[in-house]
Amino acid sequence: MSLRTFILGLSASFGVAWLAVIVVPYLKMRDLAPIPFPESKATAGIFIPKRAGRVADGAKVYAENGCYICHTQVVRPTYAGNDLYRPDWGGLKNDEDRGDTRRETNAFDFTGETFAQIGLTRMGPDLSNLGRRVETQYAAGGDPAAWLYLHLYNPRLNPKLWDSTCPPHPFLFEKREIKGNLSADALPIDIGNNRQLVPNADAKALVSYLLSLKKDHAVPASLNFTPAKKEDGN
Amino acid sequence: MSAITSTTHDQDALLRAGIDRSLRHPVMFFLTSGAAWLAVSILLGVIASAKVHNPGFLSSCPLFTYGRVFPAHINALVYGWGMQAAFAMIIWLMARLSRKECTMIGTILTAGHVWNLGVGLGVIGILMGHGTGMPWMEFPAFAWPVLLLSYFAIVIGPFIQFRVRPEGHVYISQWYLLAAMLWFPWIYITANTLLHCVPGHPLMGAGINAWFRSAFIFLFFTPVALGTAYYLAPKVTGRPVFSYSLAKLGFWSLAVIAPWAGMQKLAGAPIPHFLPYLGAAATVLLFVPCCAAAINTLRTMLASRDTLAASPSLRFTVAGITGLIVLAVAAVLLNLPGSSLRLTQFSLSGYGFEILALYGFFSLVMFGATYFIVPRITRREWLSRSLIKMHFLFSVYGLITVILFTLFGGLMQGMGQEDWQSAWSPVAARPYAVATTFAWCLILFSNIFFFLHLALMWLGLGRRSTHPTLLVRSHHGSSPHGEEGDIDNAGPGHAATH
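In order, the protein sequences belong to chains A and B.
All the letters of the first sequence, read from the start, carry residue numbers 17 to 250 under the working numbering.
All the letters of the second sequence, read from the start, carry residue numbers -7 to 490 under the working numbering.
By construction, these hints were calculated from the structure, which means they are not laboratory data.
What you are looking at is a predicted structure, and each value in this text was computed from that prediction instead of being measured.
Each hint should be verified, as a subset may be incorrect.
Quick list of simulated restraints, FRET-style, between CB atoms [said to hold, decoys possible]:
(1) B:48 - A:62: 28 to 36 angstroms
(2) A:50 - B:321: 45 to 53 angstroms
(3) A:43 - B:101: 36 to 44 angstroms
(4) B:53 - A:159: 52 to 60 angstroms
(5) A:50 - B:287: 49 to 57 angstroms
(6) B:451 - A:178: 46 to 54 angstroms
(7) B:177 - A:47: 46 to 54 angstroms
(8) B:451 - A:32: 45 to 53 angstroms
The beta carbon of each residue, even a glycine, is placed where N, CA and C say it ideally should be.
Chain A on its own, in the form it takes in the complex:
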């Protein structure tokens, strides 16, 4: 076999797969067609994925500090995993206003990010709806951002999470002198010497991003694959 034939053979065997699983799907998914949303009155019949918060900045901090190694951000359909059955992963099982909001992740859920942090392992829980969970459960009645700041500073300061394996991130906080009142987002930790712990710019971006993780908003029927639920849930 000549070198030419050999290289042709390699190019053919690799090239077909390369085109079929990489290049063509990548180019086709670059611009997703808008999805009609006739049920919604607010958006003129088109589905417009919404997300509030410092998504791009926060996603960068999320990536740089390797959150994706232990936390996933995908709620798989029931044929691929049991994520949807958990009461608070795909949404909320009993939302006060909307009832059961759980649904699988869709292609519009990563709006504003350049790389979807699907994640590597689940040493920590899935974060697809972390913002929703913090607001309604973890920090119910309190300030969700403050709960997250304390969690980032050291997860095990929370007695409910005494056995958490999440690393502390003290470097996301700076020690600052107290002038007059405490800073609004200072941590409730007394470090003495007339000083306080306040989140730095990275921590603020990250918390804003984490609070934007609410992937349970209503979607058009064409994107809603969640099976019809009985009245009593599950």
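Add chain B to chain A, keeping to what the hints say.
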């Protein structure tokens, strides 16, 4: 007639000695700096693993937060050790098999330094908090063009050598190496340009990243290690390769199947549904090329039991090929859609699979080849049999522990995740992590000595002897190689006996 044969023998030995001499510094550079990176990577792996069961460990220092140490560990292992060991194999084997002296030493050494600089800055970049967040591609964006250019500068020489080689048989080793040399830039450029330069859908980006990791393993590390094993097995035992048609089957089935694999990590994510399931099917099918090559090389090596018992190269290679068989079985068992894929998709076993491929298969074969090549290019023998034995024992037992605990721990962890009726518990992975930390410590210990042993050999401090360092002590007073002698006094005729 015999005079002619003896002359060709001498010329042959002179040619090989010339090739070895010309490649002494590049090969030793890649192997030694690779071994140093391996030790660094394993140290980072120990820290990362320790933090899983003891999250407060070193936590005051941002450099050593888990989310930075872990990617630094994997990237140092892949680009620092894996790629550099592969470079050493590619330049040495391509020169020997094409029977051409290397004439591009300067270029290769310069590019090798640039490569190390790129990897060093990349690892520091990750630790300083500038990682990109894309697994196996975490180096800050400046690094990939640097690495790519130095890659081309390193492999262009071996490629030209192959083009201008004297006419003759193309060995199966050359097929694998040549293919790896062509696949790597294709995979690397595709993943990096699409993810860094051509903004696309974020989920498809994650898919390409998963494909990149799989393709890197099966279309670069696997063919390089197989090419090396296909060289060592017949060379050390002195027997022909067991079956050439099996070798061809193994090669072409790898070429056809491996490019489709990888996206099963996105099963259930909203990308076109055929992609993850095609990926799972291809990964399962990789059993065929892996087993074909493994059986072929094992049969060749097992044909000569005495050599197997004595030769450190063969012992490591057999262990590596056994790792390949385990890898092939794991590829099937961990990726069955509907049963195991959902358990392993987001569990420790993904890491276990990567370590099995990178260390349990690829690195062990690289160690085997190192024990073969280094005495030839430095013209010195390995200093100590017990250092080699220790390297083998600690690596293999450490590795078995890491693999068992990550693969099975990952399965248990996956079952815990799928059990939605129990509350989420973060501690599932802890006991497995304790065992993993311990095992990484063993591997680190063995590799620090491997690095020192290599560095001493490069400094020319090896044994000056015509007797190779074998794993068994000779029972007879005199060795089959004749009298113990100074290697520098041995003529080309002696070199031919190696």
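Verification of the hints:
1. B:48 - A:62: 28 to 36 angstroms: 49 angstroms, violated
2. A:50 - B:321: 45 to 53 angstroms: 46 angstroms, holds
3. A:43 - B:101: 36 to 44 angstroms: 40 angstroms, holds
4. B:53 - A:159: 52 to 60 angstroms: Taking Cβ atoms as reference, residue 53 of chain B and residue 159 of chain A lie about 29 angstroms apart, which means the hint is violated.
5. A:50 - B:287: 49 to 57 angstroms: 54 angstroms, holds
6. B:451 - A:178: 46 to 54 angstroms: About 53 angstroms separates the Cβ atoms of residue 451 of chain B and residue 178 of chain A, which means 46 to 54 angstroms holds.
7. B:177 - A:47: 46 to 54 angstroms: 29 angstroms, violated
8. B:451 - A:32: 45 to 53 angstroms: 49 angstroms, holds
Violated hints, in rising order: 1, 4 and 7; the structure is consistent with all others.
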